[in-house]
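Participant: Chains A and B, in that order, are what the protein sequence lines are. With UniProt numbering, the residue at position 19 of the first sequence is 19, and numbering never jumps. With UniProt numbering, the residue at position 51 of the second sequence is 51, and numbering never jumps.
Keep in mind that a hint or two might mislead.
[Said to hold, decoys possible] Facing chain B, a subset of chain A residues (Cβ under 7 Å, in silico):
# : residue
1 : GLU29
2 : ALA33
3 : ASN36
4 : MET221
No wet-lab data here; the hints were simulated from the structure. All C-beta atoms, glycine included, are put in the ideal place defined by N, C-alpha and C.
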Amino acid sequence: MTAALALGDDALVLSHRLGEWAGHAPVLEEEVALANIALDLLGQARTLLSLVGDEDELAYRREERAFRNLQLVEQPNGDFAHTIARQLYFSTYQLLLYGQLASGDSAFAALAAKAVKEVAYHQDHAEQWTLRLGDGTTESHERMQRACDALWRFTGEMFHPVEGLDVDREALRSAWLESVTGVLHRATLTVPDTPDTGAWSAGAGRQGLHTEAFGRMLAEMQHLHRSHPGASW
Amino acid sequence: MSSSKDWPLWEVFVRSRRGLSHTHAGSLHAPDAEMALRHARDLYTRRNEGVSIWVVPSTAVTASSPDEKDPFFEPSADKPYRHPTFYDIPEGVKHL
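Full structure from sequences and hints, please.
Facilitator: Structure follows, in structure tokens:
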């Protein structure tokens with residue numbers, strides 16, 4: 001189940017990244033918002049990884065190279081603008097992807113139908129913040145633009161083929177581009193024109209190649225389980 | 001957590017289901033009304049508590065003062081005939 005692993009790892013890894021904001025978010029209200037999104041994603045990850053095997057084994061016992069998540073979701077939180085840009089790019093993709101899967105008859109249809117409502121809220125949350133930061137102060141605009149630019153090269157990977165994932169990738173890509181472009185324009189931001197595919201772009205997460213920060217994230221995520229194998233409450 | 005002092009305070013009212021009124025749930029900080037609504041969703045309806053949310057700027061609330069407690073509320077204390085205790089309520093009528 002390559003596809004279930006890919007989508008499950010996306011949700012698991014992004015959930016962990018968002019969870020890293022706990023205790024560090026700029027305001028309490030936003031901390032709860034990010035934690036809510038993280039918990040939605042964790043729920044999706046559990047369902048998807050359970051299709052593949054034992055969810056705990058998969059989450060806590062795999063090596064870095066065995067993870068199939070997009071490189072986008074493993075990128076560090078950075079400042080709040082980076083977290084929001086990452087979320088906007090990913091949630092828009094997930095919303096469109098789950099929308100397609102929900103109307104199909106694959107093994108993911110039921111999960112997608114439930115998750116699409118959660119993800120619609122994630123996308124809205126990211127969009128609201130993109131608008132406010134982009135069209136906010138000079139500093140917030142600069143930071144938001146920098147974040148959108150920095151993460152752009154990781155977006156092409158979302159539209160690479162995944163074995164077992166029966167979706168119209170061209171439709172997905174054009175709808176994604178239209179949605180994200182619309183939000184960035186309304187936020188008075190410039191749509192990055194640097195490559196998102198090809199030799200200069202990043203993205204081989206689906207093949208198990210990950211960026212430097214992912215190893216550290218994984219070490220933190222897995223250390224408790226690895227230090228106390230089989231422990232229970 | 002320091003920047004929240006720049007954000008205005010909002011009072012949150014949640015209606016738990018159809019047929020009931022909105023009830024004050026608490027307050028929160030948010031940069032504007034739309035974000036206040038979303039924060040309220042995350043803070044006060046995450047355990048399936050609501051079907052509708054209102055947010056109101058706290059500054060828009062005029063409250064009775066504790067000093068006025070007696071003239072405001074005491075006169076109603078000895079008027080039991082204002083309570084609808086003299087009716088038989090048919091079974092099955094809720095939220096009356």
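Participant: Could you run down the list of hints and mark each one as holding or not?
Facilitator: Checked hints:
1. GLU29: Since chain B brings a Cβ to about 4 Å from GLU29 (chain A), closer than 7 Å, the hint holds.
2. ALA33: At 5 Å from the nearest chain B Cβ, ALA33 (chain A) passes the 7 Å test, so the hint holds.
3. ASN36: Hint on ASN36 (chain A): holds, closest Cβ of chain B at ~5 Å, below 7 Å.
4. MET221: 24 Å, violated
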